[in-house]
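Participant: Chains as they are written, first to last, in this note's numbering: chain U, 1 to 280; chain E, 1001 to 1372; chain Y, 2001 to 2301.
Watch out, some of these pointers could steer you wrong.
What the hints assert, rightly or not - Partial pick of chain U residues on the chain E-facing surface, computed with a CB cut under 8 Å:
hint	residue
1	Asp179
2	Val190
3	Pro193
Since the hints were derived computationally from the structure, they do not count as laboratory data. Computed from a prediction, not measured in an experiment: that's the story for all the values here. All C-beta atoms in this analysis are idealised placements derived from N, C-alpha and C, irrespective of residue type, glycine included.
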Amino acid sequence: MTLGEGHLRRRFATFGWYTTLVALSVVILFPIYMLVLRAISSPIAFINAGQPLRLVDPEWDIFSRAWNDAGLARAMLISVVVTAVIMVGQFLTSVMAAYAFAFLEFPFKRLMFAVVIGTLLLPIEVTLIANVRTIRDLGWLNSVQGLSVPFLATALGIFLIRQGFMAVPRELRDAATLDGFGHLGFMFRVAVPLAKPVIGSFLVISFLSAWNQYVWPRNATDEGAWQTVQIALRTLTTTRVDELNLAFAGAIIAALPLVLLLIFFQRQMVSGLTAGAVKG
Amino acid sequence: MSAVTFDEVTKAFGETVAVENMSLEVIDGEFMVLLGPSGCGKSTALRMIAGLEEVTSGMLSIGNQVVNDIPPRERDIAMVFQSYALYPHMTVRKNIESPLVANKRTRLAPAEREQRVHEAAEILGLTEYMDRKPGELSGGQRQRVALARAIVRRPQVFLMDEPLSNLDAKLRTQTRLELVELHRRLGTTFVYVTHDQVEAMTMADRIAIISDGRVQQVGRPQEVYDRPENLFVAQFIGSPPMNTISGTLTTGSSGRTVQTAVGSFAVSDGTGAPDGTPVVAAVRPEHMAVATTDGAGLSGTVENIEMLGHERHLLARVDDRVMVARLGPEDPSPAIHDRVALTVDPDRAHLFDAATTRRLDDSAVAAPGNAR
Amino acid sequence: MTTTLGGAPDRAPKRTSQKVREGLLGWLFLLPALAVFVAFFYYPLYLLVDMSLHRENRFGIGDPPYVGPSQIVDTLTGSDFIEGLTNSGLYMVYTVPLGLVLGVLLAVAANRRLRGIRVFQTIFSSTVATSVAVASVIFFTLVNPEVGYFKDVSWLSLDNPDWALFSVSLSSVWQNLGLTFIIVLAALQAIPAEMEEASALDGYGPLRHFWQITVPLISPALLFLAVVLVVHALQAYAQIELLTNGGPGTATETLLYKIADPQGIRSIGTKASMSLGLFVLTAVVAAAQYGLLSKRVHYGD
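Extracted from the complex, chain U is given alone in its bound form (with noise of 0.2 Å):
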């Protein structure tokens, strides 16, 4: 009877398992949950209903109210435009300043790695106050620059493609040489098609913190205007009570993009989250 003793311990053990598991995703997704049907249903009524767990006069067109008159389509566009210019800008500077560091040879190479390691130090926490004065000073605050411009280089993204280029074979340099790649050629036909994982993971890491951005552009930004997606969400919540299923519209709405994200590129999401720290 051990065998079939063993068998029920196994069962047994599953169903152990199977329960945690779902007692975990219930504390995960129970917030997710408790968003959406907020966010669907009418403020007012939900509360005075008591707070239950089902729909309270939903109000499908939340979305598209959220969408269109709260603001968030302009907030949306802001966001996505100043992720652009911040992705590829950090893919730019960090490709060739990565280059220079692994197969040039240049004055004051050490002394200027020793600069980029440096800014890790300085993230925009700590130098945010001098940093609203600059763009303030240049006339950028409420501006595309203003919110991108302090992001277009990463010490992060150069050690990390400065890596991957070191990784190309030295026999695969000296074949290059030989075939006639000048430097640019050999960068965009050899160096960065060969450190691609690692650029994908960088990407990965810059879209994340450029888009979950908040401090910076909290403060660089004071007219509704210019808000981006995260800092509408704020603005959201300030409002009367009978409108914030627009806030919580609007959440569902900021998150889309990373979960269509963690949908498609969930590969490339994994390697770079654990490639670096990432700033959420």
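Given chain U's structure and the hints, the job is docking chains E and Y onto it.
Facilitator: Chains E and Y alone, transformed into the frame defined by chain U:
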């Protein structure tokens, strides 16, 4: 005309001298093998021809042109690397085509490019793999792609850096033949670096043996085998390597002999070196025999008999070293620990000056064709 | 051995010019990044010091006079800064250990062959799709004192000065779960299966296996995560602003919240001095972060 000329070329990496005062002429159209142990400077020499290493001093020419200051891409050469150095993200076609498109100034018209790539692929039997990536190919196929990428340039000189060392033994033998065939077909100069003397002996028109950054000897395979110029070459070429033993040159009743601590043996003279000259004698295993009469030759103890199928090697401890003698097919096998005397074929002992390690002129015979 | 592409030898003039060209190219490639670093990373540090050394008058009129380091000393020893430091420290204490434990629990639970496990893995990863702002809005629906689902639970109440910061910190714990889960799961999956079999043959029970085999093997990932979570805690801002605005009173004002100062109650000099304080804290954490990062890259993932 010479295809590549080293004229007192030196290459130093900081304090370390990798190639010292090298002078070497590679004749147009020949298959030249640079042979030497690892770290001897042969790869550095090859990389200087390619322009991947700068020349510290001296003059390096390709054809009639001094190339010290010519960048690699403007030299008329192509190179095959040990790791093949294929671009893993490009198809076979793109890899082969790469040297024709990488440099804007020398880029060919698409039609001619297409034709050349096709031709190179045809020669190496790659036409059905053109759209695959290197990762999908076997080691041997990758090696062919590397060769095709080299020949597509139609260079004046092919450089090869240990191109067979990543292949398994069977494929290596086959590829050796194919390389020789390719050389014959193209008629272009090959400069080939290896540490494997079998590759050198089987493929080379001439071998340059290099050690410690210096050329030790240049010659046809048979020449360097039969008439090593110095002790290094003597010990490096041949497998199993030559037996060496030091002694003194004397003249006895039966002519010139070498006196050693463990016995003496006759050598055919011709050196003109005076009696009492300290020498190192080197003898190939096939030129030693196990003596049937007592008292002659070098005495030792049998340590082992190696059966190789087609021949047997007798390993005997003589003094502080192990000497190897090839047993003839009719010879009896002595038992291990037997005492034996090893004799030396007087015409086949190579004598080297103990001080300079240089060959003593006219010692032994061994001109090719003279054998046996 | 210095170069391959465009080699740069030292004798002939032609090659010397090539070396100069390579040097110029190197600087050219570096320049864009360097410009950003100078303008928005190093120059601000100078500005912060400068602002800390000048004290504005009460109405912010005219150029603030030079006061030397006194303002920095006053600020960094003042009760406002100490409160911010304490709250940031508490935020770490609330979020880091709990985050690590839950992350390991999620990963261990989901790292097994069961039908439908991919679904659970996706659920556990899902919070990486939220930003801090989104996560804060989500927790708004749970803990807001007027409309939150748990508004009557005293230890989650944002009106309670003793519990408000803890309540806010739960939003961070929840939001970080996805990241923690993904990284710990990756570390667990990197453990060779033979390890499991070997320890089973050695007679290890599941608990001993976990503590003596699994934990040591994933400890580099845990260390890395600990640093990440500390950085996140130090940078906590949006959740404070969205959920409590620093209140009740100043009970949830973290260091960064005081620096960003959304109500505009502190002088520039004070905020600059506090920023220098944050800089020192960040330096310590960043040093640890860099150490771990270079080690990870060195050993590969």
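Participant: Against this structure, judge whether each hint is valid.
Facilitator: Taking the hints in turn, this is what the structure says about them:
| no. | hint | in the structure |
| --- | --- | --- |
| 1 | Asp179 | 4 Å, holds |
| 2 | Val190 | 6 Å, holds |
| 3 | Pro193 | 4 Å, holds |
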